[in-house]
Every structure is written in structure tokens, then in C-alpha cells.
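Dock chain B against the given chain A, drawing on the hints supplied.
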Amino acid sequence: GAVVSQHPSRVICKSGTSVKIECRSLDFQATTMFWYRQFPKKSLMLMATSNEGSKATYEQGVEKDKFLINHASLTLSTLTVTSAHPEDSSFYICSARTGMDQPQHFGDGTRLSIL
Amino acid sequence: AQSVSQHNHHVILSEAASLELGCNYSYGGTVNLFWYVQYPGQHLQLLLKYFSGDPLVKGIKGFEAEFIKSKFSFNLRKPSVQWSDTAEYFCAGVGNQGGKLIFGQGTELSVKP
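So the sequences go chain by chain: A and B. Counting from 216, one number per residue, gives the positions in the first sequence under our numbering. Counting from -1, one number per residue, gives the positions in the second sequence under our numbering.
For reference, chain A alone in the conformation it holds in the complex (with noise of 0.2 Å):
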């Protein structure tokens, strides 16, 4: 149980296009969701956190007008990096979790490559 389902696993995308990436929890109901980057040989650097039906948390740093979160349902957060440039290419990881005293769940990442 508890899977997490991240798609697509990986983009290759010219520069300035925006990319949409789905994380869906599969067989249990997420009242969280949080989105990761991870860069080569570096830690998971949280970018945000988000709730259904609310807005989300952004962590200090991340611009939230260029990575747009969206937790419309209980299994369903998006994230959509917008005119995207070369250095927003890098590894990117959502999980989710049931509730606050629960271990986060990880998708399979997803591998974004701006040209």
C-alpha cells in the first residue's frame, strides 16, 4: 500500500515552455502533499507544501509565481514550473502523506531537462 505515482518521469523541454507534473497517491487518500527538488549528490531541499483545497506553503526562496502548486483533490497535487529556464532542470520529487503523524509517502521523481 501507500503509493505515490508521479508522472511523467522524465521531460526534456525547450527554455521558456511550461511544464506540468502530476503526483497522485494511488490507494490512500492524502491530506498533504509536498514537493521536492533534489540536485546531484545533494539532499531533498523542500520546496512546498500543500493541503487540499488550499494554497500552498512555500518555503523561503522558491518562487511561488514560478513554481505553481495545485492539491485540487484528496489524491491529486500538480506542479507546473513556468517559463522554464536551464537552471530550473533537475530532479523533482513529490510525496504524500494521510496525516501529520504519518511517514511521507515519495514518488519516483520526475527528471526535468530545460534546453
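Note that these hints are calculated values from the structure, not bench results. Watch out, some of these pointers could steer you wrong.
[What the hints assert, rightly or not] In silico lysine-lysine, BS3-like type, Cα no more than 25 Å apart, as pairs:
no.: 1; chain 1: A; residue 1: LYS270; chain 2: B; residue 2: LYS98
no.: 2; chain 1: A; residue 1: LYS229; chain 2: B; residue 2: LYS56
no.: 3; chain 1: B; residue 1: LYS98; chain 2: B; residue 2: LYS56
no.: 4; chain 1: B; residue 1: LYS56; chain 2: B; residue 2: LYS67
no.: 5; chain 1: B; residue 1: LYS98; chain 2: A; residue 2: LYS235
no.: 6; chain 1: A; residue 1: LYS257; chain 2: B; residue 2: LYS47
no.: 7; chain 1: B; residue 1: LYS47; chain 2: A; residue 2: LYS281
no.: 8; chain 1: A; residue 1: LYS279; chain 2: B; residue 2: LYS47
Only chain B this time, still in chain A's reference frame:
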């Protein structure tokens, strides 16, 4: 400030060697602690977690961790590693009031067959 730190960046062991990966945390109150593993090309998976109770926590695949409050530590151990344990290991913590999960820097474990 809340933080989680892992001392070892890269550990190289031979099969059957014993493993201990260090993790220290800094939290103002009660903390919930986790160890996650990321095998090459795969997503993060939960190895074990500590919320309360017995400070010696047993996880999957023969791993265990001990919560030592006086040392602010939550080290991961395995008595005998296998080649298949080669992966990146992350210690993480969250305050018991919820809040965000804070990850350590990660430790890359390479097990030589």
C-alpha cells in the same frame, strides 16, 4: 533551528561487514525520526521510523536504529550488509506538531561484493 545532520557522506564496505550510519538531530521539542533509502534509479522508501516507545526500532531488510535522546542521535545499523544494500540513505525528522520533514545530507553506501 531544527536540523538533521548525517556525518558520513560516502561509506564503502565489503559484504558481511557491519554498518552504522550516523544521524544527529536538533529540535526544540519532541521529534519523530525516519530513515529512508533510495536505491539507484528508484524512489525514496521508508526503512524505519521512531515516534515514541522502545528507542530501538527495527525496520525492513534487517535494518535497525536506536534513538538516544541524550546524544540527540538516531543512528542506523545493520549487522551484515549485502551488495544489494548499495544505495543512498537519508535520515529525516519532523516535530511532533506536524510541520515539514527535514532531511539530512544523505549518506551514499557502496557495498563491494
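Outcome of the hint check:
no., hint, verdict
1, LYS270(A) to LYS98(B), "holds (16 Å)"
2, LYS229(A) to LYS56(B), "violated (47 Å)"
3, LYS98(B) to LYS56(B), "holds (24 Å)"
4, LYS56(B) to LYS67(B), "holds (17 Å)"
5, LYS98(B) to LYS235(A), "holds (23 Å)"
6, LYS257(A) to LYS47(B), "holds (22 Å)"
7, LYS47(B) to LYS281(A), "violated (34 Å)"
8, LYS279(A) to LYS47(B), "violated (32 Å)"
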